[in-house]
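Start from the sequences, fold in the hints, and give me the full structure.
Number of protein chains: 2
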Amino acid sequence: MKAEKISELTTNRLSIYLRCLNELSAAGKTTVSSDHLAKEFHLNSAQIRKDLAYFGEFGVRGVGYYVEDLRNHLRKILGLDKEISVCIIGSGRLGTALSEYKGFSDSNFRIVDLFDSDPKKVGKKVGNVFIEDIKNFSEIVKRDNIEVAVIAVPAAYAQEVYETVLKAGIKAVMNFAPVPLKAVEDVKLKTVDLTSCFESLSYFLAGNVEINGTAVKPETKGRRKK
Amino acid sequence: MKAEKISELTTNRLSIYLRCLNELSAAGKTTVSSDHLAKEFHLNSAQIRKDLAYFGEFGVRGVGYYVEDLRNHLRKILGLDKEISVCIIGSGRLGTALSEYKGFSDSNFRIVDLFDSDPKKVGKKVGNVFIEDIKNFSEIVKRDNIEVAVIAVPAAYAQEVYETVLKAGIKAVMNFAPVPLKAVEDVKLKTVDLTSCFESLSYFLAGNVEINGTAVKPETKGRRKK
DNA sequence: TGATGTGAAGCGGTTCACAGCC
DNA sequence: GGCTGTGAACCGCTTCACATCA
Numbered sequence: 001m002k003a004e005k006i007s008e009l010t011t012n013r014l015s016i017y018l019r020c021l022n023e024l025s026a027a028g029k030t031t032v033s034s035d036h037l038a039k040e041f042h043l044n045s046a047q048i049r050k051d052l053a054y055f056g057e058f059g060v061r062g063v064g065y066y067v068e069d070l071r072n073h074l075r076k077i078l079g080l081d082k083e084i085s086v087c088i089i090g091s092g093r094l095g096t097a098l099s100e101y102k103g104f105s106d107s108n109f110r111i112v113d114l115f116d117s118d119p120k121k122v123g124k125k126v127g128n129v130f131i132e133d134i135k136n137f138s139e140i141v142k143r144d145n146i147e148v149a150v151i152a153v154p155a156a157y158a159q160e161v162y163e164t165v166l167k168a169g170i171k172a173v174m175n176f177a178p179v180p181l182k183a184v185e186d187v188k189l190k191t192v193d194l195t196s197c198f199e200s201l202s203y204f205l206a207g208n209v210e211i212n213g214t215a216v217k218p219e220t221k222g223r224r225k226k
Numbered sequence: 001m002k003a004e005k006i007s008e009l010t011t012n013r014l015s016i017y018l019r020c021l022n023e024l025s026a027a028g029k030t031t032v033s034s035d036h037l038a039k040e041f042h043l044n045s046a047q048i049r050k051d052l053a054y055f056g057e058f059g060v061r062g063v064g065y066y067v068e069d070l071r072n073h074l075r076k077i078l079g080l081d082k083e084i085s086v087c088i089i090g091s092g093r094l095g096t097a098l099s100e101y102k103g104f105s106d107s108n109f110r111i112v113d114l115f116d117s118d119p120k121k122v123g124k125k126v127g128n129v130f131i132e133d134i135k136n137f138s139e140i141v142k143r144d145n146i147e148v149a150v151i152a153v154p155a156a157y158a159q160e161v162y163e164t165v166l167k168a169g170i171k172a173v174m175n176f177a178p179v180p181l182k183a184v185e186d187v188k189l190k191t192v193d194l195t196s197c198f199e200s201l202s203y204f205l206a207g208n209v210e211i212n213g214t215a216v217k218p219e220t221k222g223r224r225k226k
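Heads up: the protein sequence lines correspond to chains A and B, in order.
Each step along the first sequence adds one to the number in our numbering, with nothing skipped, and position 213 is 213.
Each step along the second sequence adds one to the number in our numbering, with nothing skipped, and position 193 is 193.
None of the hints are false.
Where chains are identical, the list cannot tell them apart; a pair therefore holds if satisfied intra-copy or between any two copies.
With a straight-line cut-off of 20 Å between C-alpha atoms, the simulated EDC-like cross-links for lysine to aspartate or glutamate are:
| id | residue 1 | residue 2 |
| --- | --- | --- |
| 1 | K182 | D35 |
| 2 | K182 | E40 |
| 3 | K171 | E139 |
| 4 | K76 | E8 |
| 5 | K39 | E185 |
| 6 | K167 | D144 |
| 7 | K102 | D118 |
Keep in mind that the hints were calculated from the coordinates and are not lab data.
Please read these numbers as outputs of a predicted model, since none were measured by experiment.
And the structure:
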């Protein structure tokens with residue numbers, strides 16, 4: 001184990017490993033090798049070992065990993081051993097869908113507030129959550145101990161909302177608006193850009209492109225799986 | 001320009017560049033340099049030039065890029081000059097939210113079908129779209145010329161649904177279920193795993209006070225307690 | 001002069017392959 | 001024998017820096 005900087009790709013995968021372990025645990029498995037994990041869940045065994053080794057020596061040579069033990073380690077590493085309060089900004093389709101997203105119900109994430117700037121929406125209830133006025137963002141963040149903000153507003157307002165979020169002292173932001181926000185030191189920003197995801201699929205389907213009369217067929221790189 | 005393999009990272013960025021150009025166009029700009037683009041939208045100018053150069057010599061030295069010209073090229077490269085029919089499988093929160101997602105309304109993507117396996121949901125209408133029975137998937141895909149399938153079902157059903165999608169001959173799939181699906185040659189699969197996105201944020205929040213290289217140094221190399 | 005297009009360097013993530021340990 | 005943990009090789013993306021050209 002070494003004290004290096006851990007890449008986001010690694011932390012994303014830790015989350016995936018944890019879910020796989022949860023399944024194995026539910027199935028009554030007590031140990032698992034990196035190879036079995038990889039085979040069963042379409043992962044890469046060397047990568048699993050390397051990812052885990054950043055954090056400690058969790059395995060036993062000749063045996064593999066103890067499922068329960070590794071689950072506990074991963075939960076702790078990912079900070080999933082305590083509740084995290086989340087707010088969603090933007091009560092449109094996406095915002096409301098997220099606020100009731102089933103994936104959260106048995107997780108440690110709690111959607112505690114929904115914000116909007118539209119006076120017609122403020123005060124209404126979505127699921128168990130009242131829609132608050134974005135004007136009161138900072139106070140409510142403090143009141144409810146919110147640690148994560150989700151930006152689900154139209155692209156044109158995203159940067160402005162992001163700055164409101166930063167001012168309130170929030171350190172982890174998830175952005176669903178299709179805009180590259182200005183990154184800030186010390187604040188974790190993840191953008192999920194659905195538009196570019198779909199347009200990237202479209203590129204793949206288009207395949208052939210003709211440019212200036214010349215037919216060009218750049219192939220998309222295939223993903224290598226082991 | 002060369003006919004190389006284009007990475008998905010590049011195609012994602014092309015989509016972003018296009019949106020930036022749309023804004024510039026709306027603002028009445030006729031030319032733009034890679035440097036201006038980069039500054040204004042928090043991008044990297046060398047990367048912009050390199051990404052574009054994969055597909056042709058669109059710029060003019062000493063001047064930059066003609067906004068309208070480049071927009072047209074990008075639209076064509078991304079295959080956004082024609083309609084693409086999309087179906088969504090799973091009419092839960094996420095599926096219905098996506099089916100009415102505003103981002104699609106002025107794009108070339110058309111959500112033409114929504115599928116579910118629940119007989120209580122089949123036949124109901126969401127927005128303008130009827131919920132169809134997943135049993136009829138293959139026929140409806142053919143009938144409606146569907147090119148893209150979106151998987152928005154619970155994790156446990158995702159692999160099974162994915163196989164149904166493959167059997168129907170679909171070549172581009174967007175997966176929102178938090179499971180690594182078995183990749184298949186010739187089919188473009190993109191997984192957006194919201195759970196691991198959030199858990200990765202959680203890691204960051206936890207990491208500030210835990211083993212993470214920069215912060216608190218863990219014990220020196222050696223055994224770990226169990 | 002000013003900005004592109006691009007070889008080359010740099011960097012970081014992935015995969016290999018094997019020593020080390022159970 | 002089996003499997004982990006890890007240095008090293010590999011690979012690919014990003015960034016640099018500059019020749020090139022309008």
